[in-house]
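Student: Sequence:
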Amino acid sequence: MEQTAEDYKLIFEKEGVYLHTNAKRSNQETTIPGFIRIVERAGMPALEWSPLENEGGNSPAVFYTKKDGEGEEEVTNFDPGYEPDWAVISTVKKDREPVPVKESDQWAFSLPLSELYSLRRARFSLGRNFLVLTSRGGHPLPPLHFHRGGTRELLRALHRYIILDQSPVDGRLFLAYPHDSGALSQSFDKLHLFDDGGSDLVSRFIHDPYATTFGGFSKVTNFFRAALRPPDSPNKPRNAQDPSTQCDEEPGFELITCGVELGPRPDVNRGPPLDKWDEFLDPEGRVKNPEKIKELVFRGGITPSLRKEVWKFLLGFYPWNSTEKERENILRVKTDEYFRMKLQWKSVSEEQEMRNSLLRGYRSLIERDVSRTDRQNTFFSGNDNPGLTLLNDVLMTYCMYNFDLGYVQGMSDLLSPILFITQNEVESFWCLTGFMELVHQNFEESQEAMKQQLLQLSILLKALDPELCDFLDSQDSGSLCFCFRWLLIWFKREFPFEDILTLWEVLWSRLPCDNFHLLIACSILESQRGELIGSQHDFNTILKHINELTMKLDLQSVLRGAEAIYLQLIQCKELPLKVQQVLGIYVPSSSEEDSPESQASETQHLLGKPQAGAAAAAANSTRGPTYP
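For the sequence shown, UniProt numbering puts the final residue at 628, and the numbers step up evenly by one.
If a hint is listed, it holds; no wrong ones were tucked in.
Derived CB-CB ranges, DEER-like:
(1) 329 x 587: 33 to 43 angstroms
(2) 292 x 567: 14 to 24 angstroms
(3) 530 x 44: 51 to 61 angstroms
(4) 377 x 41: 48 to 58 angstroms
(5) 339 x 263: 51 to 61 angstroms
(6) 498 x 41: 56 to 66 angstroms
(7) 44 x 452: 43 to 53 angstroms
(8) 13 x 264: 54 to 64 angstroms
(9) 277 x 528: 36 to 46 angstroms
(10) 587 x 263: 20 to 30 angstroms
(11) 349 x 547: 36 to 46 angstroms
(12) 547 x 449: 20 to 30 angstroms
Straight-line distance between alpha carbons at most 20 angstroms, and here's what the computed PhoX-like set of lysine-lysine pairs gives:
(13) 346 x 334
(14) 308 x 334
(15) 288 x 325
(16) 308 x 276
For the record, the hints were derived by calculation from the structure and aren't laboratory data. Here the structure is a predicted model, which is why all the values come from computation and not from measurement. By construction, the Cβ of each residue, glycine as well, lies at the ideal position given by its N, Cα and C atoms.
Make the full structure from the sequences, and use the hints.
Tutor: Written out as C-alpha cells, the structure reads:
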C-alpha cells in the first residue's frame with residue numbers, strides 16, 4: 001500500500017551523522033555522511049539513518065523487519081571495521097551537498113523503537129561520540145558517528161518514546177524500556193550519558209553543536225575555555241562572530257595571542273648513543289649515576305645491544321639503586337605474579353566467558369589488534385608466529401592487572417616495540433605497565449587527558465608561531481585534532497619502527513621536561529609551516545597533508561628542533577605563566593592560582609606587557625633543564 005503524507009511524521013532530524021565502513025575490505029568510501037531521524041509511520045515511532053544522497057526520500061533503502069514466527073532479521077551485514085578513529089586521520093566533508101557514494105543505500109536502516117533493546121555509549125576518539133544500538137533480536141546496527149554533535153539532542157528525542165536505564169554491570173550500556181506510569185518522571189539528565197562541562201557549554205552545544213563540539217574539528221579553544229572556566233565566573237553570552245570579545249570575557253586563556261618576543265632559537269647538536277653500561281655499575285651492581293645515564297639517553301638514545309637491559313630501568317621494572325642480587329629476586333617475584341594473573345584468564349571456561357561480556361569484549365579486541373600490529377616486522381610476521389602469541393597473552397594479562405582500564409585499541413602499538421626488544425613475556429609485561437603509568441590517562445574514556453594535552457599544545461604553538469596558529473584557525477584546524485594520534489600513542493605510527501625505539505627511550509628519560517612529546521609535536525608542525533601557510537590548503541587538505549607525513553619525518557631533525565624550542569622558551573624573560581606551566585618550570589600553588597595578583601599578571605600578558613616574575617620563576621625553578 002502506498003504511504004500517504006498522513007502516515008509519515010518527522011519527529012527529529014540531524015545531519016552530519018556518519019557511518020564508518022571498512023575501506024580495506026570494501027570498495028566503498030571510508031565514511032558515509034547521512035541523516036539520523038526519528039519518524040512516526042502510521043503512529044509507530046522508528047529510528048532511521050539514510051545517506052545524504054537519499055535526502056529527498058522519506059524511507060531508507062534497508063529496514064530491520066520482523067517476519068512472522070522468525071523474530072528480527074538483519075537485511076544487511078555491517079562490518080564496523082578495525083581501525084579506530086585516531087588510526088587514520090580522515091577528512092570530513094563540511095558542505096551539505098550530497099557526496100557520491102557507491103551503493104551507499106545498503107547501509108541505510110530503520111528500526112522501530114519498540115524493537116530497540118539497548119544503546120551503548122561507545123568509546124569516542126577525536127572528541128566525537130558514537131552510539132551503538134542493538135535490536136531485541138541481538139543484532140547491532142551500524143555505529144553512528146556524530147561528527148557535528150547531536151547525541152544529546154537525539155537522546156532527548158528518544159526519551160519521548162522510551163526510558164533508557166543504565167546497566168548495573170556496564171556503565172556505558174543503557175537498556176531501552178517502554179514508558180510506564182512509574183518511569184515518566186525520570187529525568188533525562190539523571191542518565192549522565194555525557195559530561196557536559198557546565199550548563200553554559202550544554203546550551204551552546206545544543207544551539208550550535210558544530211561550532212562548539214571538539215569532534216567537529218572546530219576551534220577547540222572555545223570548548224576548553226568554557227570547560228575550564230572557574231565555577232564562580234559569570235556565564236556571559238558569547239558572540240561567536242566577534243572573537244574580539246573573548247579576551248574581555250576570559251582573561252588568561254588568550255594570554256599569548258599578542259605574541260611574545262622569544263629571542264633567537266639556539267642550535268642544538270645530538271650526541272652518540274649510550275654504548276657502555278658496566279662502567280656505570282658498582283661492584284654490587286647498583287647504577288652509580290642514573291642522572292648521567294638519562295642525560296646520555298636523552299642526547300643520543302641507546303645502542304641496540306644495551307636496550308634490553310637499560311629499558312627495564314627506564315620503565316621502572318628495576319629500581320636504579322637495586323643491586324644485582326636484588327634484581328634477581330625482583331625478577332623471581334614478578335615472574336610468579338605475572339603467571340598468577342595469566343592463569344586467571346587462562347582458566348576461564350567458555351561457559352564462564354559467555355557470562356562475562358567485558359572479558360569477552362577485551363579478548364575480541366585484542367585478537368583483532370594483534371593480527372594487524374607491526375606485521376611487517378619479522379618478529380610478528382607470518383601465521384602462527386610465536387611473537388603474536390606473546391603479544392596476545394601479555395595484553396590479556398594486562399586486563400587482569402588493570403581491569404578498570406582493560407584493553408583499549410592502541411595499547412598493542414605500545415607493547416610491540418617493548419616485546420621486540422625484551423623478547424621475554426614477563427619482562428615485556430612489566431615494562432608495559434611502567435609505560436602505561438606514563439600514558440594510561442590517554443586511554444581513559446573521558447579523554448580529559450587528551451583534551452588537556454591538545455590545549456597545552458595549542459598554548460605552546462601560540463607562543464612559538466602565532467602566524468601559523470592564525471592560519472590553522474582560519475581553516476577550522478585550530479583544534480589541532482590532527483595531532484591526536486601523535487599524542488595518544490607517542491608518534492608510534494609516524495616514524496619507522498627503528499626510529500620509534502630511539503624516540504621512546506629519549507622520552508622515557510623525562511628530560512628536559514615531562515611534556516617533551518608536546519615539543520616534538522611543535523617541532524613537526526613548525527617544520528611544515530611553509531608548506532601549510534604558503535599553499536591553498538583548506539581544512540581537508542591540511543588533514544591530508546599531515547596524514548601523509550607518516551614515515552617521511554626525519555627523527556634527528558625533529559628531536560633537534562624540539563630541544564631548540566625548549567631552550568628558546570626557557571630563556572625568554574617574559575614567558576607567559578601558562579607556557580611555564582606546560583614546560584614544568586613553574587608550578588603555582590592553589591592559592592596562587594586564585595589570587596588577584598595571578599589574575600593580574602595573566603592580564604598583563606594578554607595586553608603584551610612584560611612581567612618580571614616570569615623570568616624569576618624560570619631562574620629559581622628546580623625543574624629546569626638538568627642535562628648538559
